[in-house]
Amino acid sequence: MDNKIKMKADNLNFYYGDFHALHEISLDFKKNEVTALIGPSGCGKSTLLRCLNRMNDLIPYSRVEGSVLLEGEDIYDPNVDVVTLRRHVGMVFQKPNPFPKSIFENVAYGMRVNGVRDKSYLVNQVEKSLKQAALWEEVKDRLDESALGLSGGQQQRLCIARALAVEPEVVLMDEPASALDPIATQKIEELIHQLKELYTIIIVTHNMQQAARVSDVTAFFYIGKLIEVDQTETIFTKPKLQQTSDYITGRFG
Amino acid sequence: MTIRFQTQLDKLKRRMLTVGAMVEERVRMALRAVEERDAELALKVIESDKEIDHNEVEVEEECLKILALYQPVAVDLRFLTAVIKINNDLERIGDEAVNIAERVVFFAKQPPVPVPVDYSEMGEKTQAMLKSSLDSLVNMDVDLAYKICLKDDEVDDMNRDIFEKITESIKSQPDRTDYLIHLLSVSRHLERIADHATNIAEEVIYLIEGEISRHLFKKEGDPDATSDS
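Each protein sequence line maps, in turn, to chains A and B. Residue numbers for the first sequence, in numbering that gives the first Met the number 0: 0 to 252. Residue numbers for the second sequence, in numbering that gives the first Met the number 0: 0 to 228.
Source of the hints: derived by calculation from the structure; they are not laboratory data. Hints may contain errors.
[Said to hold, decoys possible] In silico lysine-lysine, BS3-like type, Cα no more than 25 Å apart, as pairs:
(1) A:29 with B:64
(2) A:186 with B:64
(3) B:84 with A:237
(4) B:10 with A:237
(5) A:195 with B:64
(6) B:10 with A:195
(7) A:237 with B:64
(8) A:237 with B:12
(9) B:10 with A:186
(10) A:100 with A:186
(11) B:64 with A:30
(12) A:239 with B:64
[To be verified] Heads up, incomplete: computed chain A residues facing chain B, CB under 8 Å, no partners named:
(13) 185
(14) 192
(15) 208
(16) 211
(17) 235
[To be verified] Okay, the calculated beta carbon distance ranges per label pair:
(18) B:60 with A:72: 39 to 47 Å
(19) A:185 with B:46: 45 to 53 Å
(20) B:153 with A:29: 54 to 62 Å
(21) A:122 with B:6: 32 to 40 Å
(22) B:60 with A:112: 46 to 54 Å
(23) A:39 with B:74: 28 to 36 Å
(24) B:83 with A:39: 26 to 34 Å
(25) A:82 with B:1: 30 to 38 Å
(26) B:16 with A:2: 38 to 46 Å
(27) A:168 with B:1: 23 to 31 Å
Positions of the beta carbon are idealized from the N, C-alpha and C atoms, including for glycine.
Given these sequences and hints, build the entire structure.
Here it is as structure tokens:
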């Protein structure tokens with residue numbers, strides 16, 4: 000596999016019971032790039048995202064055909080440990096979901112669960128992750144306070160710090176800013192731009208303008224199929240397909 | 000606004016000013032070619048127009064990209080609109096410099112005609128207007144922009160004056176009519192350059208004040224004024 004590619008969906012099909020939700024998706028995700036998945040509701044973009052770290056395994060009667068490769072290895076191989084996979088491919092959800100614990104414990108949790116006991120390592124990692132998530136300055140003097148006391152935007156950055164603390168390679172984001180106000184959204188978007196220096200980021204968003212602002216590559220989905228994928232500046236200035244153009248100009252969807 | 004967006008805008012501004020400097024240089028070269036009847040210098044101006052055209056396309060594509068990706072509003076939107084228009088005016092100025100150079104290629108092959116027409120003052124005024132229009136953009140100087148719009152009348156007057164002098168010369172030297180018509184064209188091209196510099200100044204006023212002030216500065220009953228400067 001081309002060593003610029005971090006993850007790859009290869010002829011991926013996904014079924015919720017009998018419902019064929021994803022049709023032969025083949026898509027590369029390059030290292031240190033932000034890929035945005037866009038499309039109208041029900042097009043399969045969140046389904047695809049959840050395939051990338053096997054969150055869909057939790058859904059009964061679901062079935063995968065085809066493969067998803069992380070650095071050339073198929074994550075659906077029976078030998079793969081799903082918990083380890085989800086450390087390497089982290090996820091941030093739409094609604095901030097901090098644990099009802101202190102700010103420090105939220106970020107340390109993943110590491111503790113993975114067996115880390117060294118206190119100074121935990122302290123350093125928590126600080127590093129909160130700095131990467133651009134939250135450190137705001138919380139450094141109250142790490143023992145409950146995470147539930149933070150604002151929505153801060154909670155979301157905490158969730159990002161939590162995902163980063165276990166040193167993933169890929170960060171999946173499912174509409175990370177849709178529950179946030181404009182200033183908090185802008186902070187998250189700036190953050191995504193900084194994070195791609197270190198991680199590969201795949202983001203699902205309903206907000207096309209956001210996709211235009213934050214991503215390097217945009218993939219447009221419709222009814223479970225990948226319609227067009229290209230450099231973001233091409234998709235938003237001269238998309239190749241009429242259907243893509245109709246969607247991004249708001250003529251449908 | 001985000002750092003990324005600001006960086007894109009700064010890059011675009013610098014790019015525009017580079018094109019502006021290129022165009023100023025071409026106008027300078029073309030006018031020197033007129034003064035010195037230097038066909039070789041004129042040919043350099045003509046050949047280098049490709050570079051300006053290429054840059055014009057790139058600047059416009061960059062503007063479209065920024066509009067699509069960052070959805071700017073208010074002053075940022077006006078800035079991009081102004082850049083697209085100013086970019087176009089600069090390219091047209093480049094074309095007028097080429098037009099002047101093409102006249103020189105003709106002159107240089109002919110014996111000169113003693114005509115009481117000296118382009119140095121008109122050339123200096125036009126170049127000063129062009130430089131000031133770009134300065135007004137760089138420094139966001141609306142007062143300077145307004146001053147340029149008023150100077151356009153002086154260049155129009157000089158154009159009319161030259162028209163009269165050359166008309167007289169054609170009457171007294173009808174065998175040199177073709178030379179004299181080419182000479183008159185130089186005046187016309189300089190007057191167009193000054194018009195484009197005025198356009199640039201009007202765009203700067205729009206950018207700063209948010210008001211479209213085009214067509215504020217035309218004189219009534221001007222026989223030489225075109226309907227759209």
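Cross-check of the supplied hints:
Of the pairs offered as hints, the one joining residue 29 of chain A and residue 64 of chain B holds, with about 22 Å between alpha carbons and a cut-off of 25 Å not exceeded. Restraint check: the Cα-Cα separation between residue 186 of chain A and residue 64 of chain B comes to about 22 Å, which is no more than 25 Å; the hinted pair holds. For the suggested pair residue 84 of chain B and residue 237 of chain A, the alpha carbons sit about 21 Å apart, so the restraint of at most 25 Å is met. Between residue 10 of chain B and residue 237 of chain A the alpha-carbon distance is near 22 Å, which keeps this suggested pair within the 25 Å criterion.
About 21 Å separates the Cα atoms of residue 195 of chain A and residue 64 of chain B, which keeps this hinted pair within 25 Å; it holds. Straight-line distance between C-alpha atoms of residue 10 of chain B and residue 195 of chain A comes to about 22 Å, which keeps the hinted pair within the 25 Å bound. Our distance criterion of 25 Å between C-alpha atoms is met by residue 237 of chain A and residue 64 of chain B, whose separation comes to about 10 Å. Our distance criterion of 25 Å between C-alpha atoms is met by residue 237 of chain A and residue 12 of chain B, whose separation comes to about 24 Å.
Distance restraint check for residue 10 of chain B and residue 186 of chain A: the Cα-Cα separation of roughly 23 Å lies within the 25 Å cut-off, and the hinted pair is therefore satisfied. Between residue 100 of chain A and residue 186 of chain A the CA atoms are separated by roughly 24 Å; this keeps the pair inside 25 Å, and the hint holds. For the suggested pair residue 64 of chain B and residue 30 of chain A, the alpha carbons sit about 24 Å apart, so the restraint of at most 25 Å is met. A distance of roughly 16 Å separates the Cα atoms of residue 239 of chain A and residue 64 of chain B; the hinted pair therefore holds under the 25 Å criterion.
The interface hint given for residue 185 of chain A is met, as the beta carbon of that residue sits about 7 Å from the closest beta carbon of chain B, less than 8 Å. The restraint placing residue 192 of chain A at the interface with chain B holds, with a minimum CB-CB distance near 6 Å, inside the 8 Å limit. The interface hint given for residue 208 of chain A is met, as the beta carbon of that residue sits about 5 Å from the closest beta carbon of chain B, less than 8 Å. Interface hint at residue 211 of chain A: satisfied, since its Cβ lies 5 Å from the closest Cβ of chain B, which is below the 8 Å cut-off.
The beta carbon of residue 235 of chain A comes within 4 Å of a beta carbon in chain B, closer than 8 Å, and the hint placing it at the interface holds. As the Cβ distance of residue 60 of chain B to residue 72 of chain A is approximately 40 Å, the hint placing it in 39 to 47 Å holds. Judged by the Cβ atoms, the range 45 to 53 Å given for residue 185 of chain A and residue 46 of chain B holds: they are separated by roughly 47 Å. The supplied range of 54 to 62 Å is met by residue 153 of chain B and residue 29 of chain A, whose beta-carbon atoms lie about 58 Å from each other.
Checked against the hint of 32 to 40 Å, the pair residue 122 of chain A and residue 6 of chain B passes, with Cβ atoms roughly 35 Å apart. Checked against the hint of 46 to 54 Å, the C-beta distance between residue 60 of chain B and residue 112 of chain A comes to roughly 50 Å, which is consistent with it. For residue 39 of chain A and residue 74 of chain B, the Cβ-Cβ distance of about 34 Å falls inside the hinted range of 28 to 36 Å, so the restraint holds. The given range of 26 to 34 Å is respected by residue 83 of chain B and residue 39 of chain A, whose C-beta atoms sit roughly 32 Å from each other.
A C-beta distance of roughly 36 Å is found between residue 82 of chain A and residue 1 of chain B, which places it inside the suggested range of 30 to 38 Å. The hint said 38 to 46 Å for the Cβ distance between residue 16 of chain B and residue 2 of chain A, and at roughly 40 Å that hint holds. Here the CB-CB span from residue 168 of chain A to residue 1 of chain B is close to 25 Å, well matched to the stated 23 to 31 Å.
Going through the hint list in order, the structure satisfies each hint without exception.
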